[in-house]
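If you read the protein sequences in the order shown, they are chains G and B. Numbering (the working numbering) for the first sequence: 22 to 293. Numbering (the working numbering) for the second sequence: 22 to 293.
What the hints contain is simulated information worked out from the structure, not anything from laboratory work. No experiment lies behind these values; they were computed from the predicted model shown. The reader is advised that the hints may include incorrect statements.
You can't tell identical chains apart in this list, so a pair holds if it fits in one copy or across any two.
[As the list claims (entries may be wrong)] Distance condition first, Cα-Cα at most 20 Å in a straight line; then the derived EDC-like pairs of lysine to aspartate or glutamate: (1) Lys33 with Asp164; (2) Lys254 with Glu45; (3) Lys252 with Glu201; (4) Lys254 with Glu201; (5) Lys252 with Asp141.
Each chain, written out:
Protein chains: 2
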Amino acid sequence: MTTAAPDADVLKLENIRQALVRQEDSIVFNLIERAQYPINADIYHPERCIGLSEYKRHQMMASGGSGCFADYMMYKIEKVHAQARRYAQPTEVPFFGPLPDPVLQPLAAAPNVLAAHSVDINAKILAVYRDEIVPRICATGDDGNHGSAAVQDVQCLQSMATRIYYGLFVAESKFLINREAYSEMIRRGDRQGLWDAITHRAVEDRNVQRVTRKAATFSQEVSQDNATGTKFKIQPAFAGDCFERYMMPLTKEVEVSYLLQRLDAEEPPQDC
Amino acid sequence: MTTAAPDADVLKLENIRQALVRQEDSIVFNLIERAQYPINADIYHPERCIGLSEYKRHQMMASGGSGCFADYMMYKIEKVHAQARRYAQPTEVPFFGPLPDPVLQPLAAAPNVLAAHSVDINAKILAVYRDEIVPRICATGDDGNHGSAAVQDVQCLQSMATRIYYGLFVAESKFLINREAYSEMIRRGDRQGLWDAITHRAVEDRNVQRVTRKAATFSQEVSQDNATGTKFKIQPAFAGDCFERYMMPLTKEVEVSYLLQRLDAEEPPQDC
């Protein structure tokens, strides 16, 4: 029997923080890998998915995708990862469906530390990635490497989404630490108040600095003699920007959306 | 219509060298990502693939795998990548089969720059990776993250294999530059002579130094204040070792095997 990481610790803020910091490395690695290929915009356009038959495109649209090649690849990979138990994790939210059952047995029963919720901002993540991030890290044009680019997109989107949905743990943890204050704001439907409560500008600034430094470190051209430090595969400042403008706001959106649903299970409507 | 990178340049040694150097980065990134998880040895043992039904295991064995969970994941991902035209590349050799056809149309007709061959050392790559590399980069034990480890194994193995089979381009390029000397050794079946001819100790030493430096750069813990340079996610010296002891010898094995078959198409046996 396999054993899971002890879930009792999963809501400790220091453990969440360590996981979030490690996930930055994966995101930076993945963006660097995607930057090897130009934008290759055809992979995002259903009408330009040369060779993808009408039948397969129809199937894809039924699953929630646009029918573009990048969606198709994402869905195919998600089906494989579903078999590997990916979506048994409470912070993994699939982009498309339906998905097959895992072929691995469930992990040893772990308490579900999150309240029931329906938070899903995948459409936004997809749009931000394709419309804002890819055009900033990739050269313009098309080199024909549609498969490589679409496969690497899956890596980027999955690592970004994992980081963003970790906000669920952050939100639950903050709620438990300060249940009364949060409950009051939740009952008032005070979205802005919740947003302000979870916002720590100094922490966010440090995150941006750290990610910028990671991109500068991991994306440099390294020769046998030294790390040049002058030529980068992605622009370090944009990596920091990416976290400031997209990753952290989307994470906070997940947190606020979760918090607004946090009391629903505990307080069923009176007239039920 | 999509366009491929111009194949006329693919055999220029400087272009091959640049591609090989860039591939080192991907391999180092992938090893760092795998090192997040312990060895999780169950994924490599057919008898311990908990939950993988006898039916699926049987299917897997029919496809060339042992039936272990890691093989199963590799085969599933290869099926997806086959649809994305991965194995239309002359340096991509699938580990398992059969595979589905691409859903993308073929790239604009590019001349096949390699001679016909049957070089396939995937069994050795699998064995070296699982028996020699994983135990050196991963902690002992099992954290239950079987899906994540197996999925990351696919990334590691694919990036390693791409680098190793790029030896096919290296070999063809060297053959064309010095056709007479190579042809003589090939006709004599002089495996050692070919091995010596493609070996450039000084170049290999530089490769090892460069990969070691890459691992030291990319695997360091980076804080918001600075790159610490003192704590590494994988040991830099082992990354260099990995290239010296496994990656470069396997690449040269591909080169020699290819060269030994290089004249077959040009010189059919006399008694045919």
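Same-copy or cross-copy closeness of lysine 254 to glutamate 201 [CA-CA at most 20 Å]: neither (47 Å within a copy, 41 Å between copies)
Intra/inter-copy verdict for lysine 252 and glutamate 201 if alpha-carbon distance must be at most 20 Å: Result: close neither inside a copy nor across copies, 51 Å intra and 41 Å inter.
Intra- versus inter-copy proximity for aspartate 141 and lysine 252 (alpha-carbon distance at most 20 Å): neither (38 Å within a copy, 36 Å between copies)
Within, between, both or neither, where lysine 33 and aspartate 164 count as close if Cα-Cα is 20 Å or less: between (46 Å within a copy, 19 Å between copies)
Copy assignment of lysine 254 with glutamate 45, given that the CA separation must stay at most 20 Å: Both ways: lysine 254 and glutamate 45 sit 16 Å apart in one copy and 14 Å across, limit 20 Å.
Violated hints, in rising order: 3, 4, 5; the structure is consistent with all others.
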